[in-house]
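Since chain X is already given, all that's left is putting chain U on it; use the hints.
Chains X and U supply the protein sequences, listed in that same order. For what it's worth, our numbering labels the leading residue of the first sequence as 874, then goes sequentially. For what it's worth, our numbering labels the leading residue of the second sequence as 874, then goes sequentially.
To be clear, the hints were calculated from the coordinates, so they are not data collected in a lab.
Since the list gives no way to pick one copy over another, a pair counts as held whenever it fits inside one copy or between any two copies.
No more than 30 angstroms apart at the CA atoms, straight line, and that leaves these computed lysine-lysine pairs for DSS-like: (1) LYS882 <-> LYS928; (2) LYS1045 <-> LYS1213; (3) LYS1193 <-> LYS1213.
Spelled out, the chains give:
There are 2 protein chains.
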Amino acid sequence: MDITLNELKTRLMEINDLNAAESVLSWDQNTYMPPGGAAARGRQLATLSRLAHEKFTHSEIGGLLNDLRDYEESQPYDSYEASLIRITRRDYERAVKVPSAFVALLTEHASTTFQVWTEARPANDFAKVRPFLEKTLELSRELSDFFPGYEHIADPLIDFADYGMKASTVTKIFSELRRELVPIVHAITAQEPADDTSLHQHFPEPLQWAFGMEVVRLFGYDTNRGRQDKSPHPFTTSFSVGDVRITTRIHENNLSEALFGTMHEAGHAMYEQGIDPAFEGTPLANGTSSGVHESQSRLWENLVGRSRGFLEHFYPQLKKVFPAQLGNVSLEKFYRAINKVSPSLIRVEADEVTYNLHVLLRFDFELQMLEGTLEVRDLPDAWRERFKADLGIAPSDDRNGVLQDIHWYFAQIGGMFQGYTLGNIMGAQFFEAALRAHPEIPDEISKGKFDTLHEFLRENIYRHGSVYTAEELVKRVTGNPLTIAPYIRYLRKKYGEIYELE
Amino acid sequence: MDITLNELKTRLMEINDLNAAESVLSWDQNTYMPPGGAAARGRQLATLSRLAHEKFTHSEIGGLLNDLRDYEESQPYDSYEASLIRITRRDYERAVKVPSAFVALLTEHASTTFQVWTEARPANDFAKVRPFLEKTLELSRELSDFFPGYEHIADPLIDFADYGMKASTVTKIFSELRRELVPIVHAITAQEPADDTSLHQHFPEPLQWAFGMEVVRLFGYDTNRGRQDKSPHPFTTSFSVGDVRITTRIHENNLSEALFGTMHEAGHAMYEQGIDPAFEGTPLANGTSSGVHESQSRLWENLVGRSRGFLEHFYPQLKKVFPAQLGNVSLEKFYRAINKVSPSLIRVEADEVTYNLHVLLRFDFELQMLEGTLEVRDLPDAWRERFKADLGIAPSDDRNGVLQDIHWYFAQIGGMFQGYTLGNIMGAQFFEAALRAHPEIPDEISKGKFDTLHEFLRENIYRHGSVYTAEELVKRVTGNPLTIAPYIRYLRKKYGEIYELE
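The following block holds chain X by itself, in its conformation from the complex:
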């Protein structure tokens, strides 16, 4: 390997170690840390983050990247060497455009806003957090302005999470999706909703835990290189290719939350576990975009976990674990319960069909706020109106409306939500490609086997880490550019069987 590239890699490894340490401290903060640790932990995280940023934006990194231009061009585009230089350059050029003082200001403001939000949400007090959110909007605009030449002011922010995407491309695909989705939602919600009372009996935590872990181990989540713990909000975090952890929360009166949550996080985690070990410690060892990441979690949670085939193998086992609760519930009835479609107020609890309407609303509002066509003070009313129009219901309070998601109160306005729906779309497109290549997959799933699917994803998606952009990956894996067609086909087929459509 080139000696300059080795020098770059040594520096990147050091930065990676600081980032990994930050992730461990953050994982601990969300799982085991006693309350008294909070104050120092905030400071420790800030120090690690600042040191990593200082080291990454150091001009010597820029110098090495410059020196490596010829070498990069001499290597194949998707070789380890060229990719490492290319992705590092992309991240570097982005990082150096934002002054450190601004990063510090944003981080500090986010931390304050988060504190205010944690009090404002339970108190249903949007007014309390409003001035902070207005400041967040102002800072989000300033952040965008460090990347002049954009088409839409949201573009740089979308680009952070979903490289290569722009407001215009996302808007176009979301409009198509909306056009297809709204009639499906209306057709379903006009009918009698499914009965899901069977999911809301008492299910002891240790039994839920054990069953969920057994499922994701069979999916291919490697617990020699990961583990599950409890946290208030489920998440996945990677400390290295050999240590990718998930968390869950369990409510004993809700069977689906932990089970499907575990599958969801395991989907994220298998992506990170499947990255080529040679990428360890470099910027290549990350999922390539928020959309592709979400496609992997939603694929395992919904396309696999909520399928009839999956239940054919696992539901008899689940009945054995919970005989008193599920003994009299047929597979068909359980299948309908876990796929119940009905308008609801909370995004993270929404079903597979209405979920995207929650996301589209937030995405549109982000654009409008950044454009200045929607004022922060008008957000609660706009939220209620749009909800009523899209889902036929509206939150009676802001707690279950505009205050529900952490994103705007902990980071920025812009680029925060499109990944969720892009993930649903891509997940279906990837899954269709997998079935095309391996038509035996559904049959295997109904026998509790996931090797072929897991291996297809590992070979085509996981192992590449950040080598390919989302756009390149979709094209390589599916042969087509990003399209909503497979997702709509999937929804029509699945929900057409459960409900009458058209």
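Chain U in isolation, oriented as in the chain X frame:
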């Protein structure tokens, strides 16, 4: 506060945050990390350690310390300001004397040796690890030689752990102790050993855990600022004054190991929790020496936890938790069981009386190896001979002899063991001073109350962190220099009641 001191404090805080991050990663490595995380974790720990060392030995720290000389002299010796400068200078002057390349070499060698030892110990294969230990000895000598002017080559290494102590002073006090201790051991071991079979029944883990935690909470271990987890080897670690954690291991056929282990670690942890919160993030926020630290763990474990008064309150409760196992075991019988004195091979399992003979042997061998009067290859035989002479038994293999402790295989030879026995001596001296000031303490202990004792220790020892040296602290708290008299008085009184002495 002085502006230069503020600048120093800012730098120290950053270094502290790196050290704290290293501690969190190390805690995780010993508690929850899946096997696959090991490789990257080693690298991450090394990076954090290297960055902290680079930052601490930076010449700008030296410059600030120089600039602060006048200011330091203008402040009272034990003021926060003067102490912070003094302790930082002591650590700095020590750190800069050892070249970074040597630190890296030593760390790498320690890590390799540790790996070899983890295989050699279960295989009972001293020969396998011997060449590594010989290299360790060579490096330990070199390490000492970075501090020329010593009286004995072990002095700099002893000084790292127990500032101010020298081989000659430790040898003197250990000889006095030995003179008193050996006849006591011989007198006891000539008698019928106590019956401790009651401790080796089946005691379910969750019940052991709950009882131990209840005890240490009553001692004053604050679980809002700490927690207990399981690990292969129990330890205490501090991430900040607000987050000091302990670990334990529980064997269901051994009631005393986890219970007294938890008290021991809680003793260490209460010391760290009791440090003045104003010291947070600085070198003052550490226990002042390994001896003083051990005095706090042994005080709570032995002088409190293994006392008859303690049992008067807690044994009836323990019987309620384990009625089948302890229902027919009288308090007196249980008291004798937990205080059984008998020669044994393993230091960490040794009773309060013979324990020090294990330590003295190791301390003497460290000096002899460093002097060159004992070769590493002769260590196993020397171990057996000395054991036979001191304790009347000898290990039949090296696994339970020279291979048993991690210390020499993970750090250096020299300065590793004296703290354990210094701790026993100081613990008794501090406890006697506490009883002199508050004669009601034994009565309170027998009622399950520990506030007066805890407050005495907090006020006189804990809160000062590293402000006073061990020598200064002993003088301040007890009015006397370090002396074995209280410890010998304690042993004679306690064991004179249980066994016939003299």
